[in-house]
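Undergrad: This is what each chain is made of:
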Amino acid sequence: MSSTLNPDAGASGVGKAAEVHRLGEASRPIAGDEKAAGSSKHRVFSFRRVAAICTNTLTELARMKVFYVLLLFALILIGGSVFLARFSFQQEFQILKDISLGTMSIFSSLLAIVATARLIPQDLEDRTIYSILAKPVPRFEYLLGRLGGTLLLLGITMLAMTALFLVMLYTREQAVLHETARQMSAAPADQVAQTMQTIRAAALNVNLISGIVLIFVKACLLTSLTLFVSTFASTNIFTVVVMVFIYFIGHLQGIAREYWLHQHGAGWATRLFLAVVALVFPDLQAFNIVDEVVVGTAIPMLLVLKTAGLGLFYIVVYTALAVVVFSGKEL
Amino acid sequence: MKRFVLIVVAVVGFGLIRLPLEQHLVSAQRRLQFAEFRPDLGLREQLGQLAFIAAFSGFRAIVADAAFIQAHVAWERTEWGRVLLLFRQATTLQPRALLFWDMAAWHMGWNASVAALNDRAEPRKALRVKAQREYFALARDFLERGIQFNPERPQLYESLARLYKEKYNDHARAAEFFAKAAALPGAPSYEKRFAAYELSYCEGREQEAYEALRHLYDMGERERLPTLIKRLKFLEETLNIPPDERIPD
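Just so you know, the protein sequences line up as chains X and G, in that order.
Per this note's numbering: the first sequence = residues 1 to 331.
Per this note's numbering: the second sequence = residues 332 to 580.
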């Protein structure tokens, strides 16, 4: 079957052939359904079909060795912590957290854009998409499966990076605590306790998790937006370039919005331009709470939930738009 | 074409729907003193193009850290002008990072000022002292601006109090800032004591200082530290406190 689909595709082609095969299985009514629904009635939405595409997308992306970014992340963490040992513990922890969270943010965003941008153009090039859509698989299920697979990949990557980061931070915290306890062995107990508390407060805190969750939400938002752009893009290079621009403009959207809403002295052309930026581009800066988390600002859970809710709203709308564009696309 | 127009309308419509949500979120963040970073063209000139773009792409903290590490290297080479410039960058990018304000003030007030006073290239002492005072002023400026951005945290008030105490010998201002630090949540217990100690050095405020120290003394054994007892005895002598009201020897 794979040779019929794409004789030069190698391992990836085999995977895609397997996907098409699984979709055939998934689209076939199961025994229980046959009894319930009569003969071979096709379901409008099948979770099994979406799951099959989702699993295949994850397998394809994993075969592209994207998990090597984790190795790079680990190297940055270890290298950074060795270099930072020359600073005081407050400086060390702050810079270690900044570097780790910044690296997580850039890796997850890059992964979201690059991995999603290639999905539809690659399927068109390999002609796999025709085999999939020739089965009773609606186009929106195909898109949802592709999106789900990429989000799963992002989730696994984020979990691994978070674990690495927390282990590194905990190890450094324990080393500093041990060293401080040794140096302060003659000091009064309350002074030692206060110092230990200061060290612990400078290292691990629960707000870090909120910051990481919002980095993940931002990456998911970028995934859904990239999927939307790739539905009308002809090549993945176009999608990546457009998304890089959106990424930069998205971080400035807040400033444009503020000026548009509050600076009434500007000319109409400027205001129109600012309005377009504010209304068309997502506010990516809103998801960057890690800068505040690292410097010790307490982040209320309600604010984290509201920001995550806004992110979810973006994801749903961009996915819906992608579905609308893709359903009318001539393949 | 029809579909294209529909999509454009949908994107703009979505923008209009989410506008109040985004504004609400920004207001909530402002209340928590988020987003105090205010970009300007001066920062663009200071940072260079690449770092400026990075600062606007969600990597503000990393650019600030890079400036801080460079400042550390410049300090090791005693390049004080560069230390000042780099700390200005770091504090502009991360105004909520107490560490940057504190370190900037420490380098200016304690390191650069001493280097200026001992500058062998400048034979005239008056000019060396003038340069030293300019560095004190820079340290004070860093701390005062840091407090503006972080009014609810005690650390920078304490640093400013130490600057007044150790560099300006201004005990009244030192007492004022130790007291301000002590009044904030999360302040160490010694701030209140330090405020009272500093007050005890201020001429004309001995009675106020005595009451503050006596109040601390009466709080129990924990507060009866050698410096507190020494300053209290000094004030008892100065104010001629009756023997039966004095603390035991």
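Errors might be hidden in some of the hints.
A short, non-exhaustive set of chain G residues, derived as facing chain X with CB atoms under 10 Å [stated by the list, open to error]:
(1) I348
(2) L363
(3) G389
(4) L415
(5) R484
(6) I578
None of these hints come from the bench; they were simulated from the model.
Cβ coordinates follow ideal geometry from the N, Cα and C atoms, glycine included.
Undergrad: Compare the structure with each hint and give your call.
TA: Status of the hints after comparison with the structure:
{"no.": "1", "hint": "I348", "result": "holds (9 Å)"}
{"no.": "2", "hint": "L363", "result": "holds (6 Å)"}
{"no.": "3", "hint": "G389", "result": "holds (5 Å)"}
{"no.": "4", "hint": "L415", "result": "violated (18 Å)"}
{"no.": "5", "hint": "R484", "result": "holds (8 Å)"}
{"no.": "6", "hint": "I578", "result": "violated (22 Å)"}
Figure legend: structure checked against the earlier numbered hints; hints not met, in rising order: 4, 6.
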